[in-house]
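**Student:** Note that this note's numbering has the sequence shown beginning at 1, numbered continuously upward.
These are calculated hints, taken from the structure and not from any lab test.
Mixed in with the good hints there might be a few duds.
As the list claims (entries may be wrong) - Here are the simulated distance ranges between beta carbons:
#1 47 <-> 21: 29 to 39 Å
#2 65 <-> 36: 16 to 26 Å
#3 24 <-> 47: 25 to 35 Å
#4 42 <-> 74: 15 to 25 Å
We put the CB at the ideal spot given by N, CA and C, even for glycine.
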Amino acid sequence: MGYSVATVTPDTPTKLARFAKRRSLKFRTLSDPKRVLIQAFDVLDKAAGYDLPHPIIFVIDPIGTITHRFSPKYYTERPAV
1 MGYSVATVTP
11 DTPTKLARFA
21 KRRSLKFRTL
31 SDPKRVLIQA
41 FDVLDKAAGY
51 DLPHPIIFVI
61 DPIGTITHRF
71 SPKYYTERPA
81 V
């Protein structure tokens with residue numbers, strides 16, 4: 001179908017590389033420490049006071065269109081990849 005899986009977090013590339021290695025991740029982990037992409041997608045959780053993104057899953061097709069958005073009520077609820 002042409003889809004890939006990636007995560008975007010405000011963590012540093014070094015921290016993400018260690019995490020990906022420790023967890024044997026088979027998908028990309030992308031660093032956004034300045035929260036540029038996080039703000040562009042409007043997923044920054046300002047109310048929590050920690051300047052962290054909401055854990056939201058976007059499905060983006062090969063031409064860049066968001067086809068699905070999963071934003072669970074509780075951050076621990078995440079669909080399987």
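**Student:** It remains to establish, for every hint, whether it holds in the given structure.
**Tutor:** Each hint tested on the structure:
1. 47 <-> 21: 29 to 39 Å: holds (33 Å)
2. 65 <-> 36: 16 to 26 Å: holds (20 Å)
3. 24 <-> 47: 25 to 35 Å: Check passed, 34 Å falls within 25 to 35 Å.
4. 42 <-> 74: 15 to 25 Å: 20 Å Cβ-Cβ, so the 15 to 25 Å window holds.
The structure shown violates none of the earlier numbered hints.
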